[in-house]
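Undergrad: Listed here are the chains, written in short residue letters.
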Amino acid sequence: MKTFEYAILYHNYYDLGGIDEMRDRIALLQDPRVLLLCSLPEKFAACQLRQRSNEKFVVAANIGKDIGGKLILIHLLLSLYPDVPYAILVHDKRSYQKHSGWFERDGLFGILEPSTFRRIATDFEADRRLGIACARGYLKDESRGDGTFDTPNSSLLVKLAEKYHLRPTDHRFVAGTMFWIRTSLLQKFFGGGLAPDVRATLEAGNVLDHAQGTNTHCWERLLSWIATKEKYIIKEF
Amino acid sequence: MDSHEGKIYNQRILMLNRYYYFEEGLGGAANAVAASIPVTHLVRPGEDGNWRSLLDHHFSEEGNYPFCLALPSEACGSIQHLKDVLPLLFHPFYERSGDGKPLFIDGPVSGHGEAEGVVTEFFGRQRLAVDLIPLQGRPVTRKGQVRWLSGRSSDAGGAYYRYCLSAYDPSDIFVVDGREAQGGLLIDGLRRSLADLESRHPQWFRLAWDNFRLQKERDRLAATCDLLEEEKKIVQELLEMSNKHDEVSHILRFYRDEYEILPLWYKRFGHILKVGMGKRSFRSLYDKTTKKYKD
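For the record, the sequence lines run as chains Z and W.
All letters in the first sequence, in the order written, are residues 0 to 236 by numbering that gives the first Met the number 0.
All letters in the second sequence, in the order written, are residues 0 to 294 by numbering that gives the first Met the number 0.
Because the hints were derived from the structure by calculation, they are not lab data.
Do not take every clue at face value.
As the list claims (entries may be wrong) - Derived lysine to any residue pairs resembling SDA-like cross-links, with alpha carbons at most 25 Å apart:
1) K42(Z) to Q214(W)
2) K273(W) to G109(Z)
3) K97(Z) to N242(W)
4) K232(W) to T182(Z)
5) K82(W) to T182(Z)
6) K82(W) to L165(Z)
7) K278(W) to R104(Z)
8) K215(W) to R49(Z)
9) K82(W) to D82(Z)
Claimed, not checked - Derived list of chain W stretches under chain Z, where covered just means 3 residues or more per stretch with a C-beta under 8 Å from a C-beta of chain Z:
10) 11 to 18
11) 52 to 64
12) 182 to 196
13) 252 to 260
In this text, a Cβ means the ideal position worked out from N, Cα and C, and glycines have one as well.
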């Protein structure tokens, strides 16, 4: 089996053009060691996307938006390619409800720009403490310092952090859930098949957290805490 | 199948029932794939099982053909085993039927009920509609009867021909037993019996095929309708939120309060500062046709 160095875990919800866009981004990287794992909603089931040597597809119901898709891909990565050192979580973010959606998306995808990609890869090699790498400006800290958080998700987040033993001292997280992470951290937390269990708890449909907290939005935060809990650092690029 | 596509469509058979090609190993299903009959893999979970090789196979270029799984009933009770095979049920080529993705249960009837409960709950939590079909011990399902085309029965093709003319039910499911060397011959026999039916009883054949085809199409459209309904709801919510959002006025207020309010000389000095910092081109200070900022 081919040896890959980087696995891009891409959730594609809106249209199939997103996959071509991702292929273009990967082509620009000019690195044959990039593996693309892609999750799609069931509306694309009839398209029957073909598995290739460097592209794998899954089709699943829309649970937990991009987080649900990424959890399936984490499960797939750990089942098929647990030795790929780095996983890069991305999705076709649109945020149609916001006028700044495209602006945010361009910023978040900075981690796949060729020069930034190489810089992140080099930093991961050089710094064993680096656990997560994300685009500049998307690292958020909602901690109030008293064990609660400045978000409608606060009480649910505290409960889930307790349940999954995710109690880091650094409560920052990557807003938008697009980042690089060491696969070993995913393996340590999700190994044994926890990813499908977590996915099963996520809400279906278009989940929003404006009025009240949701499991889906809590996991947007907890995914970063998987690294900080283990005393790894998050760095912006 | 790309390079053989023409050949495969030539070999495709018109189905009057749901047919599945049942096999334990890998790679013996070329005839079934060519005939567009979904392959049913008997998957053995656990440390010594074949589930890993199935995962590797179907997530490779060789695995792009319709398939489904048959789980031994004793494996259905283990959540870990179900998790092991879960990626296969998300595979784009996993077979779909009107009632969901077929998952056969193989093994003695005792324990079926408990196994079905565990499987239904596990896949239900993943929002995976799974159509559980027992292979043995309980031949009649709510949808029809599971019937085997086996190498042990002589003239399996002829048996299917007689079945069509005497006891045909489009809900019946036929499992072609490929565990014996005659798997390919069974498919050939099935193909011949279908050709005979088409030539000797053209009206019956046409009606049966249309009935089966339209049923499948109706199921597909019903599933599509559900998905479109869900998507419409999502788009509607986004539209409502977008209408309510005051992001533009927030940005305009921010622009007015943080920038527009400043004196003109201060803003002009800021532009010169940007040139000095390399954020803006010098030429753009006096030539409005030139590009101001880097992308």
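Undergrad: With reference to the structure, classify each hint as holding or not holding.
TA: Hint-by-hint comparison with the structure:
For the given pair, K42(Z) sits about 20 Å from Q214(W) by alpha-carbon distance, which is consistent with the 25 Å threshold. At most 25 Å may separate the alpha-carbon atoms for a hinted pair to count; K273(W) and G109(Z) meet this at roughly 23 Å. With a C-alpha separation of about 10 Å, the suggested pairing of K97(Z) with N242(W) holds against the 25 Å cut-off. At roughly 36 Å between alpha-carbon atoms, K232(W) and T182(Z) are farther apart than 25 Å, so this suggested pair is violated.
Proximity of K82(W) to T182(Z) is assessed by CA-CA distance (about 19 Å); at most 25 Å being required, the pair is judged to hold. A hinted pair counts as satisfied when its Cα atoms are at most 25 Å apart, and K82(W) with L165(Z) qualifies at roughly 23 Å. This hinted pair checks out: K278(W) and R104(Z) have alpha carbons roughly 22 Å apart, not beyond 25 Å. For the suggested pair K215(W) and R49(Z), the alpha carbons sit about 23 Å apart, so the restraint of at most 25 Å is met.
Restraint check for K82(W) and D82(Z): satisfied, since their Cα atoms lie roughly 19 Å apart, inside the 25 Å limit. Counting residues of the segment 11 to 18 of chain W whose CB lies closer than 8 Å to any CB of chain Z gives 0, which falls below the minimum of 3, so the coverage claim is violated. Counting residues of the segment 52 to 64 of chain W whose C-beta lies closer than 8 Å to any C-beta of chain Z gives 8; at least three are required, and the coverage claim holds. Closer than 8 Å: that is the beta-carbon criterion, and the segment 182 to 196 of chain W has 0 residues meeting it against chain Z, so the requirement of 3 is violated.
Figure legend: the segment 252 to 260 of chain W, annotated as covered by chain Z; annotation inconsistent (0 residues with Cβ-Cβ distances under 8 Å, at least 3 required).
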